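Chemist: Chain residues, written in single-letter form:
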Amino acid sequence: MSMYLEMIRVRFLMMLAYRTNYYSGILIYSINIGAYYFLWSAIYGNNEEIQGLSVLQMTTYVAVAWMARAFYFNNIDREIAAEIKDGKVAIEMIRPYNYLGMKTMQALGEGIFRLLFFSVPGMIIVALVFPISFSANLSTWLFFFVSLVFSFIVNTQINLLTGIMSFFLFNNTGLIRAKRVVIDLFSGLLLPISFYPLWAQTVMTYLPFQAISYIPSMIFTEGFVGKEIFNAVLLQAFWALILLIPIRLLWSLAKKQLIVQGG
Amino acid sequence: MNVIEVQNLRKEFKSYSSRSGLSGAFRDLFTRNYKTLAAVDDISLNIKQGEMVGYIGENGAGKSTTIKMLTGILTPTSGSIVVNGMNPHKQREEFVRTIGVVFGQRSQLWWDIAVQESFRLLKKVYRVSDEDYNRHMGHVIETLEIGPLLDKPVRKLSLGQRMRCELAAALIHNPPLLFLDEPTIGLDVLVKLKIRKFLKEINEQYKTTILLTTHDLTDIEALCERVVLLDEGKIIYDGKLNQLQSQAVEGKQVEFEFLTEIAKNNLVFLPNVQWEQKDATTWLAHVNGDERLVSQLISLVVQKNPIKNVRINEVSTEEIVRKIYEEGMALA
Ligand SMILES: Nc1ncnc2c1ncn2[C@@H]1O[C@H](COP(=O)(O)OP(=O)(O)OP(=O)(O)O)[C@@H](O)[C@H]1O
Ligand SMILES: [Mg+2]
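Line order of the protein sequences matches chains A and B. Taking the UniProt record's numbering, I'd label the letters of the first sequence as residues 1 to 263. Taking the UniProt record's numbering, I'd label the letters of the second sequence as residues 1 to 332.
If you are wondering where the hints come from, they were derived from the structure by calculation, not from laboratory data. Predicted, not measured: the structure shown is a model, and the values here were computed from it. A few of these clues could be false.
Stated by the list, open to error - Pair by pair, the computed Cβ-Cβ distance ranges are:
#1 B:E12 to A:I125: 52 to 60 Å
#2 B:S129 to A:Y18: 29 to 37 Å
#3 B:Q116 to A:Q257: 48 to 56 Å
#4 B:K207 to A:L27: 55 to 63 Å
#5 A:T173 to B:Q116: 29 to 37 Å
#6 A:L244 to B:G50: 55 to 63 Å
#7 A:T173 to B:E319: 24 to 32 Å
#8 B:E12 to A:L253: 44 to 52 Å
#9 B:K200 to A:L5: 23 to 31 Å
#10 A:Q257 to B:L159: 29 to 37 Å
#11 B:E12 to A:R19: 46 to 54 Å
Beta carbons: idealized from backbone N, C-alpha and C, even for Gly.
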């Protein structure tokens, strides 16, 4: 166990070593939030609310969705692909740990770093510039953090799956890029799921993506109330469990399939 | 006791060959041409505890592939491997705790963090106690002289500095078995000597078994009594290094440097001696025989012509191995 904690720490240190990368990141996220704020203000016009969300809730939704993204987002799929491509995965196989577990811990180290140095200060800045409502309800915050952890888990699981695919495909930059677009679209980052046409919503209930962004953001903005919150978190937990199955299967296949490139 | 037991080990790689041209590319979409290549071709090998074995062969002979299978990274196509009493691939997590590996061309330290952070992480990974770590690694760090490098990020180290750190990293859990794939690649003479001395030391102190591949045969001469010679995936020699020497070449060379220019008919002619002129005053005698013939030759030559210098050349391992690579083992 302590080695996994140590890995989180090491990744944290690495992020600190490259912290200048993050100043540009803050700018990009702020621009995104600003742009969506003005877009939604225009769409709302004189409407009090659309699909059960007020303008204020919508702004909050946009802000929290992007800031949560800073936490759950990671590039471990690309890292896995790169490690396979340059043969570094050989080194990982001679370590007495679970490669995927270690990758997850690296992602977590990165996530915690961004949460502390990016999302929290970012959220404060955004709250100063745009009207955003923070709940006064402690249980909302509690559920939000639980659901944020699940969104990290589900997103990381999907990244692991995409990463493992490069054991078979060898060059899977296309798949990785496609996955990214799919997640941004279907997770509710750009558009809350309730804004999609009904048939699309039905389709999306059978996909794990809304567990990533839509659910934590809806909890934060109090777009979900009462039992809805509970069910939503349960749905996340459900996906987190289900996704373990294909990961397990593909990983045991991948290990047999492994070809290490180079000398 | 055998630390490594390998039987009829084989590894095939499938490689796809692309057809040429557009229509070829189109056909490749449906059926692909592939060739199989046996990188390791039916080898059997036993290594005892405490042995230092040199694993040599030309580029592409299959050395690294063997090591990758022995360390559990690659699955063999067929054959059986038992290392430290375990199946490397099946019992991976348990197995890798008992081995240390260095790949010369590949870093296993984390690039962006200080060396000591990597060590700290590995210490946790291998669950080494503070006590053991301080005792064992204190010694390793001292012998390899890497103390001053520990707080530097790996990317800022020179190759030789990094290699010493890699070696130390592979030893954090003091494994009884060490695989070194070209550990001295690109190192200067001093660092090489340091590493050799160190390997000898741990071999004596802990009876660490070492399997070493290298293209620098002086490494092998300095460290290994036993060599395994691989050619196109097959073992063509497995035995003592000095026997390889005596098997592969018969005879010696004697180089005479005379005071004056000497014509060929002024030389001494004996059966089993061939002369070769190197320059105006220097001649080389290839003697196909034992020491007695050599001394007889020298005494006869010296009586006849005043000489400046005589040198008896042993054939170097390098030359032997070059010959074997070129002409195959048939020569021996
Ligand atoms: N991933 C791979 N796919 C296809 N062929 C491979 C692969 N890895 C190695 N080979 C082939 O297997 C053979 C043995 O390679 P290997 O790396 O074991 O050689 P080596 O003895 O370590 O050589 P060197 O001294 O150059 O390091 C080579 O012919 C190589 O082309
Ligand atoms: Mg090699």
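Chemist: Next, verify each hint and record whether it holds.
Modeler: How the hints compare with the structure:
1. As the Cβ distance of E12 of chain B to I125 of chain A is approximately 59 Å, the hint placing it in 52 to 60 Å holds.
2. Take S129 of chain B and Y18 of chain A: their Cβ atoms lie about 33 Å apart, and the range 29 to 37 Å holds.
3. Checked against the hint of 48 to 56 Å, the C-beta distance between Q116 of chain B and Q257 of chain A comes to roughly 36 Å, which is inconsistent with it.
4. Take K207 of chain B and L27 of chain A: their Cβ atoms lie about 59 Å apart, and the range 55 to 63 Å holds.
5. For the pair T173 of chain A and Q116 of chain B, the supplied restraint of 29 to 37 Å holds, since their beta-carbon distance comes to about 35 Å.
6. Hint check: L244 of chain A to G50 of chain B, Cβ distance near 44 Å, so the stated range 55 to 63 Å is violated.
7. At roughly 49 Å, the beta-carbon separation of T173 of chain A and E319 of chain B lies outside the given 24 to 32 Å, and the hint is violated.
8. In this structure, E12 of chain B and L253 of chain A break the distance hint of 44 to 52 Å, their C-beta atoms being roughly 19 Å apart.
9. Range check, K200 of chain B to L5 of chain A: Cβ separation about 38 Å, and the 23 to 31 Å hint is violated.
10. Distance hint for Q257 of chain A and L159 of chain B: a CB-CB separation of about 33 Å, consistent with the stated range 29 to 37 Å.
11. At about 47 Å, the beta-carbon gap between E12 of chain B and R19 of chain A stays in the expected band of 46 to 54 Å.
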